[in-house]
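Visitor: Below, each chain spelled out in residue letters.
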Amino acid sequence: KQEVTQIPAALSVPEGENLVLNCSFTDSAIYNLQWFRQDPGKGLTSLLLIQSSQREQTSGRLNASLDKSSGRSTLYIAASQPGDSATYLCAVSGSSNTGKLIFGQGTTLQVKP
Amino acid sequence: DAGVIQSPRHEVTEMGQEVTLRCKPISGHNSLFWYRQTMMRGLELLIYFNNNVPIDDSGMPEDRFSAKMPNASFSTLKIQPSEPRDSAVYFCASSLRPEGTEAFFGQGTRLTVV
Numbered sequence: 001k002q003e004v005t006q007i008p009a010a011l012s013v014p015e016g017e018n019l020v021l022n023c024s025f026t027d028s029a030i031y032n033l034q035w036f037r038q039d040p041g042k043g044l045t046s047l048l049l050i051q052s053s054q055r056e057q058t059s060g061r062l063n064a065s066l067d068k069s070s071g072r073s074t075l076y077i078a079a080s081q082p083g084d085s086a087t088y089l090c091a092v093s094g095s096s097n098t099g100k101l102i103f104g105q106g107t108t109l110q111v112k113p
Numbered sequence: 001d002a003g004v005i006q007s008p009r010h011e012v013t014e015m016g017q018e019v020t021l022r023c024k025p026i027s028g029h030n031s032l033f034w035y036r037q038t039m040m041r042g043l044e045l046l047i048y049f050n051n052n053v054p055i056d057d058s059g060m061p062e063d064r065f066s067a068k069m070p071n072a073s074f075s076t077l078k079i080q081p082s083e084p085r086d087s088a089v090y091f092c093a094s095s096l097r098p099e100g101t102e103a104f105f106g107q108g109t110r111l112t113v114v
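In order, the protein sequence lines correspond to chains A and B.
In terms of my numbering, the first sequence has 32 at position 32, counting the first letter as 1, and numbering is strictly consecutive.
In terms of my numbering, the second sequence has 40 at position 40, counting the first letter as 1, and numbering is strictly consecutive.
Mixed in with the good hints, there may be bad ones.
[As the list claims (entries may be wrong)] Below, computed lysine to aspartate or glutamate pairings styled on DMTMM-like, alpha-carbon distance capped at 25 Å:
hint : chain 1 : residue 1 : chain 2 : residue 2
1    : A       : K1        : B       : D63
2    : A       : K1        : B       : D56
3    : A       : K1        : B       : E44
4    : A       : K68       : B       : E102
5    : B       : K68       : B       : E83
6    : A       : K68       : B       : E44
7    : A       : K1        : B       : E83
Rather than coming from a laboratory, the hints here were simulated on the basis of the structure.
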């Protein structure tokens with residue numbers, strides 16, 4: 001059974017710092033991995049999608065990497081801003097490509113001005 | 001496109017009442033998913049549809065839960081009778097399979113059963 005773990009559960013950093021959020025999964029047979037952002041009381045916003053054949057994806061100040069063989073992904077946020085404060089969720093889709101997502105518990109990020 | 005639209009945004013009901021949550025997926029998407037989010041268990045898949053057909057409902061917690069997708073633009077998740085432990089945020093998501101695999105989520109329905 002696939003399990004997704006995110007470390008740390010919470011993170012507080014001063015504005016301007018570069019930071020890394022970690023995601024690990026137990027079954028390397030995935031179809032893709034997706035990073036989401038969730039603001040309090042809101043829905044999930046897709047940030048980056050990495051296909052299993054890819055090693056990384058970039059969008060603006062965000063860079064996500066995938067090492068499928070070791071069951072790990074990282075989300076790198078450059079030059080963090082207070083507006084980046086949110087919960088970041090990692091989710092994997094199984095190799096059968098059903099679209100079902102298995103989520104981690106998330107990392108709650110606070111960026112202090 | 002307005003994205004995935006869910007209604008209502010908030011629902012407060014008494015234990016034993018029937019609750020119906022609604023979802024309109026993104027136009028053209030052929031897969032629809034219902035998730036539930038709680039503090040204890042995080043986000044869990046309840047059921048998903050492909051081309052309006054339920055494919056996997058193994059995440060539906062009990063027979064009190066049922067979901068339908070009568071057409072490509074509408075789905076419902078019904079709880080009857082509702083219980084306090086059903087209190088959670090329920091999300092609907094849609095995607096286009098198999099070409100696009102990115103899932104897009106609605107804003108969720110926060111359900112409180114008292």
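Visitor: Please go over all the hints and tell whether each is borne out by the structure.
Guide: Verification of the hints:
no., hint, verdict
1, K1/A x D63/B, "24 Å, holds"
2, K1/A x D56/B, "16 Å, holds"
3, K1/A x E44/B, "14 Å, holds"
4, K68/A x E102/B, "18 Å, holds"
5, K68/B x E83/B, "20 Å, holds"
6, K68/A x E44/B, "23 Å, holds"
7, K1/A x E83/B, "29 Å, violated"
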